[in-house]
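Peer 1: Each chain, written out:
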Amino acid sequence: MRRAALLVAALALAACAGSGSRAPSAPAQAPSELIFSHAKHGEQGVECASCHKGIAAADALGRHLPTMKDCAECHESEVKEKSKCGFCHRDLPRARKGGRPATPGLLFSHKQHAGRAKDCVSCHTGAAVATTVSGIARPKMRGDCFTCHGHLADYRKLRCTVCHESLARQPLKFVSAFNHEGNFLKEHGRQASAGGQSLCASCHAQSYCAECHAGARAGLKPSLRYAERVDRRFIHEADFKSRHAIEARAASGSCLRCHGTKSCQRCHEAEGVSAQVSAGGVKSSPHPSDWLSPGSPNSHGRDARRRITQCAGCHDQGSLSNCVRCHKSATKGGLGIKPHPAGWRRGGKGSDPLCLMCH
Amino acid sequence: MLRSFLPLALLGVLHAPIARGQSLDLRSDTLVGAQGLRPVFGASDTRAQVPIWELLALSAEDLGVPGLGVELSGFAGVTLAASPLEAPGRDGNRGVGNLTVGLLRYKDPKARFELALGRQYLFAGAGRAEHLDGLSALFRLPWNLELTLFGGRTSPFQLDYQPASGGVPYPADERFAFSGWAVGGRAHVRLLEKLSAGVGFVHEGEGSRTARQVLVVDGGYWGSRKLEALAGVVLDTVALLPQEAWLQLTSRPRPRLKLTLDVTHMVPSLAIPKTSLFSVFALDAYQELALGVHVGLGELLSLGLEGGPRLFDGGDGGELRLGFNAAAEARLALGEIPGRLVGLRLEATGADGERLLQARLFALYHFARPVYLSGETHVLYLASDRSGAAASVFERRLEGSPLSFGGIGTLGYRFTSWLSAQVAGSAFSTPSAKHDLRLMGRLTVVASAGGGAGGKR
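Protein sequence lines, in the order shown, are assigned to chains L and P. According to the working numbering, the residues represented by the first sequence are 624 to 982, in order. According to the working numbering, the residues represented by the second sequence are 295 to 751, in order.
It cannot be assumed that every hint is accurate.
[Claimed, not checked] In the DSBU-like style, the derived pairs of lysine-lysine whose C-alpha atoms are separated by at most 30 Å in a straight line are:
id	chain 1	residue 1	chain 2	residue 2
1	P	Lys401	L	Lys763
2	L	Lys707	L	Lys676
3	L	Lys703	L	Lys676
4	P	Lys728	L	Lys763
5	L	Lys809	P	Lys520
6	L	Lys676	L	Lys692
7	P	Lys401	P	Lys488
8	L	Lys703	L	Lys692
9	L	Lys809	L	Lys864
10	L	Lys692	L	Lys705
11	L	Lys763	P	Lys404
12	L	Lys741	L	Lys707
13	L	Lys663	L	Lys809
14	P	Lys728	L	Lys734
15	L	Lys707	L	Lys809
16	L	Lys676	P	Lys404
17	L	Lys703	L	Lys663
18	L	Lys763	P	Lys520
19	L	Lys844	L	Lys809
20	L	Lys707	L	Lys692
21	L	Lys663	L	Lys705
22	L	Lys809	P	Lys488
23	P	Lys404	L	Lys734
24	P	Lys728	L	Lys844
25	P	Lys488	P	Lys520
26	L	Lys864	L	Lys961
27	L	Lys864	P	Lys728
No lab work stands behind these hints: they were computed from the structure. Note that the structure is a prediction, hence the values are computed from the model and not measured.
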């Protein structure tokens, strides 16, 4: 039984492959044209390794498939007489075309597993009853690989390449199937950096990154494009417009991780939340009325110290910036109010355009 | 306008090799919407608009040569409006579009190196992803050492910034001109599959001037499920000051329990381009401490708590500013079939004299037939300590209507494995827009060939 199962296991791996010209990891395969019952051979006491020669000692997933010469050991007349091709082959043109199935792109040693698994059926669960080549069921990652040893830990830690040569053609998985639970959204940037360029690319194309990170004017917010994905956490979902001012004040650095300092301006101008630009006949400053009064509770100086990135979001307009009007030196017609932080060292050259704005 | 048609043009040029490719993944989303909203803050009129969008993502591999592939992602859209908005930067009946990813990649069959040419994202450990039009090369060297080198024209985050003439308070020749470029690299090593260490360097320029130059050192430890650690520092090599430093600890002491600690120190003004006037104003730092607990109770229920204080240095003798963020979330899977769940998230944020509290209730249900429903409702409460003349225009508006509430509902139908359609609608009443009603239809085509099988997403 054990040997039969091993045979079935080896055949199953072979049956999973497609044409030899395909890339090695292509998972989609046409049904085999062979008429073959693994169950019947097992009942006859045929050992797996009798047909799948070398499988038990194989360190890699090779093509340990029986040849017609192997079949002839028992089915001599059927192999030799041309009129009996149909005994095994249901599609002769395809059979004549030849071609062996490609390996499924896995790093796998039957040798190591043969000593650990109880028998071949432990992984190839359909082996004993399969009446077709492919009916023996390939081992399932969750159901089989994860139950025996440390591959579950590998999976959760995204160590896919322990088993998979490449993930480029793996089917779609739920994001949460991997280790993306909890506050992953917040963590993922640093993980992507620390893990190197290959980490995210194992599963995701760059278009996936672009859905949120496109600086070049993304077409739609991801939360609108994927309105049905309520299980995902999108940063700008729902009424973010009302929230964003408070969010920005709470953690202005977090906005900067994705947004340039001018992304605020476009909206504020368009929506009339600007004292200088009107839209639809409406213009209104987003600042309190005592914003420009030194010493007042809402004086802009204090806020500028705390949230200079937000100031830059709207007011970084070159030499006619409204900040420069007051802060430039008296010799240039300003009020000479120094905006530099304590300990400010003049760096660079005196001809730096930034210095020349005020000095 | 040229950029609007770049995705289609590139697709046309690459059509033949893509068709010959061994594997192909394509996703196309066509969206047609209708919305009635008050686009201008405080205005009384409501504008009707009809946005039409096409979003396309495509990847193909082995284009005649093993290892040669292409990735494209782009969009094109037009917003039809009865009375186009006059504000600068707003689109009336004008079309927009862009290519967000467009690269040609070659992967050495022996996985020793990869080359990518075109518009791409780079995760070179330089504090944030780089999005640039250029060339990147990844070399896999002995001892698990990876070396990445890149250079090109940066795709600025603020590319929107194209003020039209007539409404801008400064002359066109004074406006911010962006001609950014970046070069950099990163060396990254993994030791025993438990430790990683990396050093990255980025120099960004605008024309002949330096906009940003940072050295990043980071490290990670993944040796145990009980402790994973990431730490790093971004050093501004122009100011010779740390722009950002972080420590992130994750522990999974039990299979369904995740604990996290995240400490961040940041000087926001150092993140501003050196070419900005504001880069010389302040060096106040920002600190954040966040704790997280996420636990699964059985197979179906998961709970999460996260949050912590945020602190801004006063600087120049000013007082400290304390803020906070806290969130709680619960999700209940409705059986073991994926795609059926209900969830609730509560989130509170406090800033300088302002607070918000948000509740989000969401549900998703995939029927046995190829129909799915999803919906979510939001309630947002916003409050400010300031009132009257001391309040900003938005805060004054909050005095009368501190609540924002609304919901989004979607109904989808999956005709085949490659074609699905969806209709969605949303309605919100918000302090900023008062009333916001939107409807949307979406047709999605997902095609795979030659083993693409839905491919990377």
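Peer 1: Now tell me if each hint is right for this structure.
Peer 2: Structure-based check of each hint:
no., hint, result
1, P/Lys401 - L/Lys763, "holds, 29 Å"
2, L/Lys707 - L/Lys676, "holds, 25 Å"
3, L/Lys703 - L/Lys676, "holds, 22 Å"
4, P/Lys728 - L/Lys763, "violated, 53 Å"
5, L/Lys809 - P/Lys520, "holds, 20 Å"
6, L/Lys676 - L/Lys692, "holds, 12 Å"
7, P/Lys401 - P/Lys488, "holds, 26 Å"
8, L/Lys703 - L/Lys692, "holds, 10 Å"
9, L/Lys809 - L/Lys864, "holds, 20 Å"
10, L/Lys692 - L/Lys705, "holds, 15 Å"
11, L/Lys763 - P/Lys404, "holds, 27 Å"
12, L/Lys741 - L/Lys707, "violated, 38 Å"
13, L/Lys663 - L/Lys809, "violated, 55 Å"
14, P/Lys728 - L/Lys734, "violated, 69 Å"
15, L/Lys707 - L/Lys809, "violated, 65 Å"
16, L/Lys676 - P/Lys404, "holds, 28 Å"
17, L/Lys703 - L/Lys663, "holds, 22 Å"
18, L/Lys763 - P/Lys520, "holds, 27 Å"
19, L/Lys844 - L/Lys809, "holds, 18 Å"
20, L/Lys707 - L/Lys692, "holds, 15 Å"
21, L/Lys663 - L/Lys705, "holds, 24 Å"
22, L/Lys809 - P/Lys488, "holds, 22 Å"
23, P/Lys404 - L/Lys734, "holds, 25 Å"
24, P/Lys728 - L/Lys844, "holds, 20 Å"
25, P/Lys488 - P/Lys520, "holds, 13 Å"
26, L/Lys864 - L/Lys961, "violated, 34 Å"
27, L/Lys864 - P/Lys728, "holds, 11 Å"
Comparing the model with each numbered hint stated earlier shows that hints 4, 12, 13, 14, 15 and 26 do not hold.
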